[in-house]
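Taken in sequence, the protein lines are chains Y and P. This note's numbering puts the first residue of the first sequence at 1, with every later residue one more than the last. This note's numbering puts the first residue of the second sequence at 1, with every later residue one more than the last.
In short, the hints are calculated from the structure, not lab data. No experiment lies behind these values; they were computed from the predicted model shown. Some hints could be false.
No distinction is drawn between identical chains; accordingly, a pair holds when it is met within one copy or between any pair of copies.
[Stated by the list, open to error] Within a straight-line C-alpha distance of at most 27 Å, the following computed BS3-like cross-link-like pairs (lysine-lysine) qualify: (1) K306 to K460; (2) K96 to K341; (3) K300 to K460; (4) K392 to K485; (5) K610 to K341; (6) K460 to K341; (7) K204 to K608; (8) K442 to K413; (9) K629 to K461.
2 protein chains.
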Amino acid sequence: MKGISFVFGIHNHQPVGNFDFVIDDVYRRSYLPFLEVLREFPKIKISIHNSGYLFEYLLKKYPKYKETLSELVGRGQVEILSGGFYEPIFPAISGKDRRNQILKLTKFIEDNFSYHPKGMWLSERVWEQGIVKDLASSGIEFTILDDEHFLLSGLSHEELYGYYSTEHEGYSISLFPISKELRYLIPFKEPKETIEFFKDLVGKERLLVLADDGEKFGVWPGTYSLVYEKGWLREFFTLLTENSDWIEILTFSEALKKFPSRGLIYLPEASYKEMMEWALPPELTIELQEAEEIFSREEKYARYMKFLRGTFWRNFLVKYEEANNMHKRMIDLSQRCSTLKDAEEISLPYEYLMRAQANDAYWHGVFGGLYLPHLRSAIYRNLIEAEKELDKISYGNEDVLVIEEKDIDKDGKKELIAKNQELALFIKPSYGGAIFEIDYRKKSLNITDTLKRRFEAYHKKIQIAQAPGKEEGKSIHEIVIAKEKNLENYLIYDWHNKYSLMDHFLKEGTTCDSFYRSSYGEQGDFTILPYDYSMIEEQDLIRLSLKRKGHIWVKEEFLPLDIGKDVTLIKGDSSIRIDYSFENKSFMDYNAWFGTEFNFSLFERENKEKYIEYPDGSRSYFDDISEKKDIEEFVIFDNVLGFKIGFTFDIPIILWHYPIDTVSQSEGGFERTFQGLGILISFKQLFIKNEIFPFSFNIKFETL
Amino acid sequence: MKGISFVFGIHNHQPVGNFDFVIDDVYRRSYLPFLEVLREFPKIKISIHNSGYLFEYLLKKYPKYKETLSELVGRGQVEILSGGFYEPIFPAISGKDRRNQILKLTKFIEDNFSYHPKGMWLSERVWEQGIVKDLASSGIEFTILDDEHFLLSGLSHEELYGYYSTEHEGYSISLFPISKELRYLIPFKEPKETIEFFKDLVGKERLLVLADDGEKFGVWPGTYSLVYEKGWLREFFTLLTENSDWIEILTFSEALKKFPSRGLIYLPEASYKEMMEWALPPELTIELQEAEEIFSREEKYARYMKFLRGTFWRNFLVKYEEANNMHKRMIDLSQRCSTLKDAEEISLPYEYLMRAQANDAYWHGVFGGLYLPHLRSAIYRNLIEAEKELDKISYGNEDVLVIEEKDIDKDGKKELIAKNQELALFIKPSYGGAIFEIDYRKKSLNITDTLKRRFEAYHKKIQIAQAPGKEEGKSIHEIVIAKEKNLENYLIYDWHNKYSLMDHFLKEGTTCDSFYRSSYGEQGDFTILPYDYSMIEEQDLIRLSLKRKGHIWVKEEFLPLDIGKDVTLIKGDSSIRIDYSFENKSFMDYNAWFGTEFNFSLFERENKEKYIEYPDGSRSYFDDISEKKDIEEFVIFDNVLGFKIGFTFDIPIILWHYPIDTVSQSEGGFERTFQGLGILISFKQLFIKNEIFPFSFNIKFETL
């Protein structure tokens, strides 16, 4: 009888910046036991991809892993796949960076296993047709995508048993579709069900591919017990071995040789179905679900369902401006790196840049880590390290003092960048003249990387979330778990991004709590509207001057007010000087309550090593919603990261601070994440008509 | 009051290879009168794009056009847009070619008008995000897309009044959405309706863009009378002028200065809605229409309709293999061109290559010209000219004799190419060992460029097609006209591509007519199945040897038969030698009726200068469905193109020939098009078991 050919691929990945203890745990519960079971079944072949950061870690820490894998490669049981070393989203990085990411992992595999990988794992299967050229010219012959990609291009399920060829600019690679049925069967259903599934397909010669996350075999909820303790994997391999007369197990490379291509194909930009939905704005996610429901009522719903999809990966950058800011910083540094000469390229800045391309922190779905501050922080750390290395090449050992005006975030409006050896400031005049990034360069930290609290389509499910523990063995997409009670109390939505130096006017009666809850009434039109700007550069000093002719509500009237704010950076100095000026342009004097907002991404809300200290020696903690009146200075201590930020003012101010928490979904269920410390510095003042009221303060960064 | 800003863009285009008389007519009825009316209205501003081939033609032939346009540019009334010189589909050509196409048109405009264009028209608005870098690095600041593109990315209609910024690899351009409402209003509804439409939008400051085909103003059915004779355009311009207190007319460049960008956007690969549907396989077009109907029954249908779309442009190449063959020939030559040194690049081969990138012949919808043989022929002529120039650089004046094995069509299987100074042959071993291209290089003709007769979704409408004449002023998408009666008689569908040297076995009783109608029963498994191959190269000769172990039906049994066919090309010789061998591998002798099919793309079915001449001096014509028995030679004369093709055989054969007609839609309605001359050369023979039966013939090309 015509038989089944089966390719079984495994993709193991840990993001740059993940905690060692997490990786160690995954190694013990999944990566190692999988190989150990495989060793017992010499007829079984697996194609394995380890992303570079993880692969390096495993080889360094676990000689046994290298030994076992080498043995299996030697026996012909394992095909190793290449990929982007730090698992970047390929369409989101430059052509040159794509090639370098692949070549680095290929070389790593060759160096460690004397083995030349022919194919690659495409990170998150994020596909755009234009990447083909870079893949092919990096020596890649094939990659693996979801069947979703192929169905979107108009193929039927019957046409998915095999592989296709595609091209861009005449460069070709082969594409294998992953079987969705197998993705849901393995390892969640009894092993024999997969064999039954294969049996039903016998009759024509058919090639079937499963390629899926290795963490499904031991780390996903309930799977360690299922796969190893209850013996799922041994049983599966046993059944495959017993049926090897009609189920032929191949590596991808062997399948390429055995079967001819099914022909030319062009695939639309896509990823797996779920990710394309995650990339939609939440209102559209809801509309898409409604649309699916309408089709599901039709008898021939499969005919129509294939037309429905979300959007492509790049829209995560539109959905999450914080991801875009990070991405465009990376792109900007990539452009700087691309001007380096060959010898410099393989050197430090390029290495840091590539690490900063690790995809995880740039998006969010179930797995995407945008909501995880430690992952974003790892990206920024690498970006800042890359920039420091580039600055060394550009400026040598001289003290840096740079002022730049460019559309770094690519929104069509100019941003301002001011940088010295100690600090780098990124300002959006078009968005309230806010500072959207402050790098404390000595620590390679972007200390303002705080997420806006925004509505996510899945927030609607929080109310119906169940207690943990009852859903073992289910697909992650089916699980609804809340890791904490009363999460709905934290569903606060901000009306603007959580940048710094954001200008507010409050009405009498506003409290720290109402400001924290974003349920106060804004009285001015300054917070997110455009500021004019100019730049002053003196020998040892740079100053960005921001001005807006705006208004504030005074009783029933919207009265004119000009705000100027100057941001000054001095050569070699680790402080920022802020000089505000307020000019009442109306026909009358009025009282105003002005506040300037800062948001600092300092982790661990409950860590007592992190606090705010006041002149009277008292302290408050990051977890508090706290008010302190009539102070002229305060200091934020972070004894964990080892630095402090001191604020000093020329008049007494009111300090409010509160934690910024988001609620997001993750593999483990819904969770609350501390994104940063929100601060409002405010004062109440009578603004005399046509008079200028000045307000200045200083922010000083010091290592502890 | 907050007013309306209006940008009015016009795109004029004629494909490479279009007939001069057609262009002259369009000039008189549209391009010139439009400018003449514009001259009368100094307050009206228009942004104009002429594709390069047309622009060159107009400037050369009509000094008045240049004069008028220069005057309007001088007055600031006209902004000229750049684009791809020969109007290529940008995602379908290489990055370097994209840049060269743009730079050529920009330079042409600068040279002729001392004017630097800042924006460009994107051919057919075919968008992929990856093209941004090449556009930006060619000096382009903006382009114009359909609102469809923006709605697909999740924007609401309200968000379309303005322009957006986008980027790829850090390179940015601005994108203007075209208003679909305006596209349907202008010039099809009363001018005042557009003013009313604008009036309804007053209240916020809004930018509206119309950019559409110039041919809508005078050439589309009924529009000359409407736009000029009945005075639509004058009235429209008069109304705009009278309302200039609240309707500000801007060029694109002025709009860029006046309005800030609405922010960053990423647009999915798209074109206008209709084109995305045309690119679908016909069954999917029908399913998509059903899906639209399901949504249209919903109250809030607009919420859902936006999720439905066809597929992206590249799928035309999968839908029409003939388009793909042409495209991949072009890509292959582009790769050869890209290796040229700079001085040679701007020379002839590159110029021919760029002409061969003109989009029209590569796809089909209402406007797409794949079904028009003269447009395909123009592409092939330029491809062959480019290749001849490249060969001159590679081989100098030496006689060429090349044999190559490569996957030129990128379907994952190798093709064979044999070429001498006179002829080039392209063979697909994987597809019946068929010849899919024969170039008669002296005439720069691909004489085998015949289309398969295939089902198109719109064929379902042919039955309900109306007589012409009653639908003036309607959008082209609404018109259903048959240019000829009884078109349904020509709805014949082929089961394979119309290549040459395709092997058939016929059953007794098959007639020329039934073969023409593709309603015979194929008795072998040779026609489209794979042949093994080998290549022999001697000093003055190359031979491609094709072999298949196949079967034929003899009564109720499928008996084994080996076919070998050798294709020989001799240095400096303009003939092809074909040597067949048939080996009956069964247990018994049997009778077989073998035929080899050729398809020649020789235009004009009814031209009496084109005929087939037999040894007895008789003739038959391309329009005939004709049989001639027991001949050992025949000659195809094309006195128009000026060459003949002589066939001589070593045994008497039966010749069948018949016209290959397609039925397709066009601007003017459904039409029948003569794609080529179909030929079947056959003989009946007893194949003795285990004996080889040889059959040879020669095909000689001679210029008249």
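For each hint, the structure was consulted:
For a Cα distance limit of 27 Å, the shortest separation of K306 from K460 qualifies both inside one copy, at 25 Å, and across copies, at 23 Å. In this assembly of identical chains, the alpha carbons of K96 and K341 lie at most 27 Å apart whether taken from the same copy (13 Å) or from different copies (23 Å). Taking the closest pair of Cα atoms, K300 and K460 come within 27 Å of each other only across two copies (21 Å); inside a single copy the shortest separation is 29 Å, beyond that limit. For the identical chains of this complex, K392 and K485 are neighbours neither inside a copy (50 Å) nor across copies (78 Å), given an alpha-carbon limit of 27 Å.
Taking CA atoms no more than 27 Å apart as the test, K610 paired with K341 passes in neither setting, with 43 Å inside one copy and 63 Å between copies. For the identical chains of this complex, K460 and K341 are neighbours neither inside a copy (52 Å) nor across copies (61 Å), given an alpha-carbon limit of 27 Å. In this assembly of identical chains, K204 and K608 lie within 27 Å of each other by CA distance neither inside one copy nor across copies; the values are 66 Å within and 52 Å between. When the C-alpha separation of K442 and K413 is checked against a cutoff of 27 Å, the pair qualifies neither within a copy, at 30 Å, nor between copies, at 56 Å.
In this homomeric assembly, K629 and K461 never come within 27 Å of each other (Cα to Cα): the closest approach is 40 Å inside a single copy and 78 Å across copies.
Comparing the model with each numbered hint stated earlier shows that hints 4, 5, 6, 7, 8 and 9 do not hold.
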